[in-house]
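> Chains as they are written, first to last, in this note's numbering: chain A, -3 to 218; chain B, 26 to 236.
These are calculated hints, taken from the structure and not from any lab test. Be a bit skeptical, because a hint or two may be false.
Distance ranges between label pairs, derived from CB positions [as the list claims (entries may be wrong)]:
#1 B:Phe47 - A:Ile172: 30 to 38 Å
#2 B:Pro89 - A:Ala204: 50 to 58 Å
#3 A:Met(-3) - B:Ala192: 54 to 62 Å
#4 A:Leu9 - B:Arg154: 15 to 23 Å
Sample of chain B residues at the chain A side, in silico, Cβ under 10 Å [said to hold, decoys possible]:
#5 Tyr58
#6 Gly59
#7 Gly62
#8 Arg70
#9 Val76
#10 Glu80
#11 Gly81
#12 Glu100
#13 Leu104
#14 His106
#15 Lys107
#16 Arg125
#17 Met126
#18 Lys132
By construction, the Cβ of each residue, glycine as well, lies at the ideal position given by its N, Cα and C atoms.
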Amino acid sequence: MFEAFRTIVSRDLLLAMRRRSDVLTTLFFFVIVVSLFPLGIGPELDTLRLIAPGVFWVAALLASMLALEKLFFVDYQDGALEQMLLAPQPLSILVLGKVLAHWLVTGLPLVLLSPLLGLQYDLPGDTIITMMITLLVGTPALSLIGAIGAALTLGLRGGGVLVSLLVLPLYIPVLIFGAGAVEAEASGLGGAGHLSMLGAILLLSILAAPLATSAALRISAE
Amino acid sequence: MLEVHNLQCTRGDRRLFSGVGFRLSDGELLHLYGHNGSGKTTLLRTLCGLVAPTEGEVRWNGEPIRQQRDEYAAELLYLGHKNGLKDDLTGIENLLVACRMAGDSVKENQAWDVLERMGLRGHEDLPARVLSQGQQKRVALARLLLSNASLWILDEPFVGLDVAAVAFLEKVVADHVAGGGLVVLTTHQEVALTSGKVKKLRLGWKEDGHV
């Protein structure tokens, strides 16, 4: 079981390395969206500091959304998904592996790049650190929840739009607690409560999302 | 032993086939044929458990496959229309990934040997996207030589292969059947078997009398 998990993670990472443009699209999207706000709003440092958590989180949400479409689609097209469905390991393990690889190439770079972007918003050091922690906990949850939507809309025409409609409402709790933690920390209230909620969401989605995604994949592949 | 009882499949309002039943024991091959659109591929996918039948059931060793998905999957090797190859991976990488996902532990030198036997010498290291259709098919079929599965379900395995590869594949299939394995395949050509028993099933003898 672990062997299959490792195989699928390393396969997807290798594929991402061979086709870097797909990975970079998400990252550039995030960078550009986040950078546009200071340009549009102007150099009002107080305003920028105030909106930074919201902007970062909404941008992360949209970037994660953008990357979802590719998650299962290529496997579906070339038949690799059928082989996944017929593998003797539980499908949810393979799904978890795919989502992990997906997050490593589309979610983790955002987390690592966020301090640099935080400078544009004149964020103090500890706020930046809180921001990184919330993104680190929150973006895997986004990938896991998004996988359900990606699996449900697999093979449908106009699936991309449908994914947004399905998944964005489910992202709202992550957005609220993610951005909330940063704001609370910045205002001196302490973001521990929000962070705990974010952690709870992540744990719940690790447990439930792969099962739901597997069920959706079996239906979509029929 | 693979048993199929009164299988029926509908797609939308259209009934593809109904009342399909057969029993396949160890060392037997089922040759499935019928006109285009008669539901051969759907039947194969139903046998794998990828498609749920509207009626009837598929049993493996006496138990419905739905109730023993993982055990059945370990005994099953399915190769469909789509090869399941990743364009950006080389032949070797594709073969290794496919085998490991199916639970077969395969060493890298074994994979090299097998691809050479499949006639892909010198092409093992090329990404699948630059291989020809027939070569891609050969990479996919190479799994047959490394698999421990006893039931092979092959959808049009001979399509796109040259004469030598067809002969080689026939031999591989015959060896598997001779060794007590089960094979279900669709093809439009005759399958030469040296041993074992060949059963035939024709789909598409519909009520309207058309072939």
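> If a hint holds in the structure, say so; if it does not, say that too.
Each hint, compared with the structure:
no., hint, in the structure
1, B:Phe47 - A:Ile172: 30 to 38 Å, "violated, 57 Å"
2, B:Pro89 - A:Ala204: 50 to 58 Å, "violated, 27 Å"
3, A:Met(-3) - B:Ala192: 54 to 62 Å, "violated, 39 Å"
4, A:Leu9 - B:Arg154: 15 to 23 Å, "holds, 19 Å"
5, Tyr58, "violated, 22 Å"
6, Gly59, "violated, 21 Å"
7, Gly62, "violated, 18 Å"
8, Arg70, "holds, 8 Å"
9, Val76, "holds, 5 Å"
10, Glu80, "violated, 16 Å"
11, Gly81, "violated, 16 Å"
12, Glu100, "holds, 9 Å"
13, Leu104, "holds, 9 Å"
14, His106, "holds, 7 Å"
15, Lys107, "holds, 3 Å"
16, Arg125, "holds, 4 Å"
17, Met126, "holds, 5 Å"
18, Lys132, "violated, 13 Å"
In this structure, the hints that do not hold are numbers 1, 2, 3, 5, 6, 7, 10, 11 and 18, in rising order.
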